[in-house]
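Enquirer: Sequence:
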Amino acid sequence: MNGSGEQPPTSEPIRKPPPRPSLTEEAREKGGSPDRPLEALAGQVAVVTGGGRGIGSAICRALAQHGARVVVNYLHSEEGAREVVRAIEADGARALAIRADVSRADEVAGLIAGALQGFGRIDILVNNAAIFLRTPFLQIQEADWDRILEINLKGVFLCSQAAARPMLQQGSGRIINLASLGGIKPWPDHLPYCVSKAGVIMATRCLALALAPQIQVNGIAPGLIGAPAGFRSEAVERMVERTPMGRLGHPLEVAELVVFLASSSNFVTGQVITVDGGLGLR
0 MNGSGEQPPT SEPIRKPPPR PSLTEEAREK GGSPDRPLEA LAGQVAVVTG
50 GGRGIGSAIC RALAQHGARV VVNYLHSEEG AREVVRAIEA DGARALAIRA
100 DVSRADEVAG LIAGALQGFG RIDILVNNAA IFLRTPFLQI QEADWDRILE
150 INLKGVFLCS QAAARPMLQQ GSGRIINLAS LGGIKPWPDH LPYCVSKAGV
200 IMATRCLALA LAPQIQVNGI APGLIGAPAG FRSEAVERMV ERTPMGRLGH
250 PLEVAELVVF LASSSNFVTG QVITVDGGLG LR
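Just so we're aligned: the sequence shown equals residues 0 to 281 in numbering that gives the first Met the number 0.
Simulated from the structure, these hints should not be mistaken for lab results. Note that the structure is predicted; figures quoted are calculated from it, not measured. Hints may contain errors.
Each computed EDC-like pair below joins lysine to aspartate or glutamate, with the alpha-carbon atoms no more than 20 Å apart [as the list claims (entries may be wrong)]: (1) 184 to 236; (2) 153 to 143; (3) 153 to 141; (4) 184 to 233; (5) 153 to 90; (6) 153 to 82; (7) 184 to 106; (8) 153 to 233.
With the hints as constraints, model all of the structure from the sequences given.
Expert: In structure tokens form, the structure reads like this:
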């Protein structure tokens, strides 16, 4: 990310996110029990696409720690999804893993049917599945463009449409879309990704209008979370230097916002909230 007045990278190492207490540890401090820290989502069912790794796995575990039963969707990261399920069950909650390509309507239908068969309802959909490719503009292949838009944007449409039907029958639901700071500010060599995430932001707003008042739809636009794949280390260093908080974010910091939007945000819809340490301000 290049901008006017940018300072050259220093030799200092990138400041990684500080260690975070587990959700259970945080819950003890707030008066919860080890197995059920804060049951804000008790009795609810959440479907998280791309839940087998990274931010998705943190979201799955956070929702479960707050009482939700969780469907962990995956495409390629089967072992990661199984590990998330095992971790959730070890904490005394319930989860299941379902493989589905979110860009295929038939597989999305199977995902939603599996969630309904397993848990009987769907209260929360987190559209997290995404792919990320760093390629200079003149080297982008048509197949790469198509695949990124299919997973990152078409997947949001298909999953939201499929999940909205049972939510509307229930009379309530929450859809939370993972956008990106890249959908707000252009990133060099990431054209398809940035376009797809800009589409997610607009889809969030359109869906909020289309599905109100029964379903609330909001988005989250993370900045640099963890050690982001697809960025050169020197590019990450420059972006961290431009981040007012002076560090990378932690997946749990995104997951905690998902929990809020899934539980306490009764009068919030159509919003896209950045979790970027202030990077988007520059």
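Enquirer: With reference to the structure, classify each hint as holding or not holding.
Expert: Cross-check of the supplied hints:
At most 20 Å may separate the alpha-carbon atoms for a hinted pair to count; residue 184 and residue 236 meet this at roughly 17 Å. Proximity of residue 153 to residue 143 is assessed by CA-CA distance (about 14 Å); at most 20 Å being required, the pair is judged to hold. A hinted pair counts as satisfied when its Cα atoms are at most 20 Å apart, and residue 153 with residue 141 qualifies at roughly 16 Å. The straight-line distance between the Cα atoms of residue 184 and residue 233 is roughly 19 Å, inside the 20 Å bound, and the hint therefore holds.
Restraint check: the Cα-Cα separation between residue 153 and residue 90 comes to about 34 Å, which exceeds 20 Å; the hinted pair is violated. Taking the CA atoms of residue 153 and residue 82, the gap is near 27 Å; set against the 20 Å cutoff, the hint is violated. For the given pair, residue 184 sits about 32 Å from residue 106 by alpha-carbon distance, which is inconsistent with the 20 Å threshold. In summary, the hint linking residue 153 to residue 233 is not supported, as the alpha carbons are separated by about 32 Å, beyond the 20 Å threshold.
In this structure, the earlier hints numbered 5, 6, 7, 8 are contradicted, and the remaining ones agree with it.
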